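S.K.: One letter stands for each residue in the lines below.
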Amino acid sequence: MSESTSPKTLLAPDFRSHYRSDFLHQAAEPEWASALRSQAWEHYQNLPEPLPVQRTLRRIPLLDEARLNAAIGQPVDSAFYSNRRESWGTLAAWGELSNAQEMTVVLPAELADKGLIFCSLAEALAQHSDKILPHLDHILPAAKNREAALNLAYWQNGFFVYVPRNLQIAEPLYLLQSLNQGQQALFTRSLIVLEQGAMAAVVCDFAAESQSAASLSHDVLEIALADASELKLVHLQNWGQEVHAHSYTQTQLGRDARLTQFNLSLGGSYHYAQSQTLLQDKGSESLFLGLNIGGGQQHFRQQTLQDHRSPHTKSDLVYHSVLKDEAYAFFNGLIYVDPLAQKSESGQVSKSLLLSDKARADAIPNLEILADDVQSGHGAAIGSLDPEQRFYLMSRGFDRQTADTLLVEGFMEEVLLRFPHADLQRQVAAHLSLHLLSESDERSEA
Amino acid sequence: MQTQMTPTIEIRNLHANVGDKPILKGVNLTVYPGEIHALMGPNGSGKSTLSHVLMGHPNYTITRGEVFFKGQNLLEMSPDERARAGMFLAFQYPMVIPGVKVFQFLRNMLKARKGGDVSVKEFRQVLQEKMKLLNMREEFVKRYLNEGFSGGEKKRHEILQMALLQPDLAILDETDSGLDIDALKTVCEGINAVAASHSAMGILIITHYQRMLNYIEPQFIHILFEGQIVKSGGKELALELEAHGYEQIENEFRAALAV
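Sequence order for the protein chains is A and B. Quick note on numbering: the numbering used here labels position 93 of the first sequence as 103, and the sequence is numbered without any gaps. Quick note on numbering: the numbering used here labels position 40 of the second sequence as 52, and the sequence is numbered without any gaps.
One or more of the hints may lead you astray.
Said to hold, decoys possible - With a straight-line Cα cutoff of 20 Å, these simulated EDC-like cross-link-like pairs (lysine to aspartate or glutamate) come out: (1) K247/B / E201/B; (2) K154/B / D433/A; (3) K154/B / E419/A; (4) K123/B / D414/A; (5) K113/B / D414/A; (6) K123/B / D409/A; (7) K154/B / E423/A; (8) K123/B / E419/A; (9) K59/B / E398/A; (10) K113/B / E398/A.
Hints in this document: simulated from the structure, not taken from any laboratory. As the structure is a prediction and not an experimental result, all values here were calculated from the model.
Next up, chain A with everything else stripped away, as it sits in the complex (with noise of 0.2 Å):
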């Protein structure tokens, strides 16, 4: 990778201020979805910027936005792809997508002939508008959401995952994103749409190499759940320590419909990533899980939504941070609940580990509750591990070391268990200690 800029950067404008057609690689797209694109770019325009939060915060580490090329669309090694998709062990279906614009989704027949769909977004403007039209831009529309009318101007491309009514898969669709360039500005979205009763498990996995530029990775994700369906969702984000990345989920649900969310942030010099639910019917049920790992000086941010409009609604959150060296963490989650979402369930906790004295942390929980029969609850801790917890353990024999490792996890684990999916869980658990192994020299076998 070179570090020299073209001609063509230095004199390219920020893609904030103007806007940057070639970013834009697609062949024809059509006529309303380029229509689209130019009604987000105006929303963008003309959306206030959100105000800044009423507290001191760690700086974001500065991207200069300017210098940020188109993606180039090249394919990502085979072999970085293969490994990836075999750490997830059996999956019922596979996409993978390289510096936001060349796709390959494998999707074995037998789950087409019963009407699985699941091709890039770009296709499926053409081929499936009619299953698109309804939710693209309507579950996150770039009217109200600044990010998002961003994101719905510049999307390069993406994945769309379809799963027909009444159809249940329980092993993994896999939707892994990478990159092998450095200084891109990869614009991607997603939609996955679940009809009535259907159950799918999904891993957005976001993963690739180091490189020596940093490049933006701008994400959103819409989810559509109709009545008593169910999605259990891994949202992994394992860049290289260089990438910038933005994600932003928002899911709405039907009637009794479920999901449960694990995003996990373990990469990335600074990711914020906004997570809201909409609780539209009745019955329907949330359940975000978080876990942030975060040394160097990596920054985290996650905004989470936990948004109740119905009565019977019911949403939680557990959210945990591991810090080291001088990683930050911020949380800012909001449960609201809506006057007619009465006997409506709602719970938060975040906690952060800080593992030393320069790891930081804040959390600001929120809650704004406008029903009177509901029950929630919220809180959020920071702070190191406990001392009494380590002497109990290091009083059975365990060293130091030892004893804080086995905190350690068992303060991952107990977000981990939460996840409804065993064979996720392990997978997910792997990864983990694949991460911590890589980033800590000597850890010893507890």
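Once you've looked at the hints, dock chain B against the given chain A.
M.R.: Same frame as chain A, now just chain B:
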């Protein structure tokens, strides 16, 4: 006869502080292999401090005195070294450690003590045997360390660890607290069974009440008061305490000081 043996633990004139505050003010106590001692005393006398100091809790500073464990200088050892050398403390308030499974915890604990691998098969066998001894159900080990355990379960779990580790010295810190009479009986029977199977084990029972001593019979009883052992004797001392309370001893102690 005893004097020719190396004591399991020998505490000589031990002084310890929390911050600037002296808690132990010259404790002397020797336990030989196979002996059962009870250390009694009113609240705040320093009983639990002594147990934590002996296990090496970092919050206490030793200001004077020596402790030898099987002839080794105990005060130079870290808590994990003490544990591996054969010292065991059953905690009054065992810590809850979420996310750590009891089975893995116990197996790794045993590995650390033995300084080598313990195969799953071998471990399962010894575990089953010890759990039977303590009247525990097998599901127990699938849970997380002390998470959601009742008071009785926590204490039984402590004794299960003792049974697995086969320590040379077991310090039982208020193991009777928070137990109803049935649970107390089960736990004490467990302790007796472990002691019977491991006759060289010295036991130091720390308790406020006499009731635990109905089930485990100590040969020696010591009364700790304001950081010092003020009286030692046989089991009749416990009965005396039961009849007259700590007040009498307190008065004797104060009178002695006044003279």
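S.K.: Now tell me if each hint is right for this structure.
M.R.: Structure-based check of each hint:
1. K247/B / E201/B: Judged against 20 Å, a Cα distance of about 19 Å means the pair holds.
2. K154/B / D433/A: Between K154/B and D433/A the Cα gap is close to 18 Å, so the pair holds against 20 Å.
3. K154/B / E419/A: Within the cut-off at roughly 17 Å; holds.
4. K123/B / D414/A: Cα-Cα ~17 Å, so holds.
5. K113/B / D414/A: holds (15 Å)
6. K123/B / D409/A: Satisfied, since the Cα-Cα distance of roughly 12 Å is no more than 20 Å.
7. K154/B / E423/A: Roughly 14 Å between the alpha carbons, so the hint for K154/B and E423/A holds.
8. K123/B / E419/A: Judged against 20 Å, a Cα distance of about 19 Å means the pair holds.
9. K59/B / E398/A: Holds: K59/B and E398/A sit about 18 Å apart, inside 20 Å.
10. K113/B / E398/A: This hinted pair holds, its Cα atoms lying about 18 Å apart.
Consistency note: the structure conflicts with none of the earlier hints.
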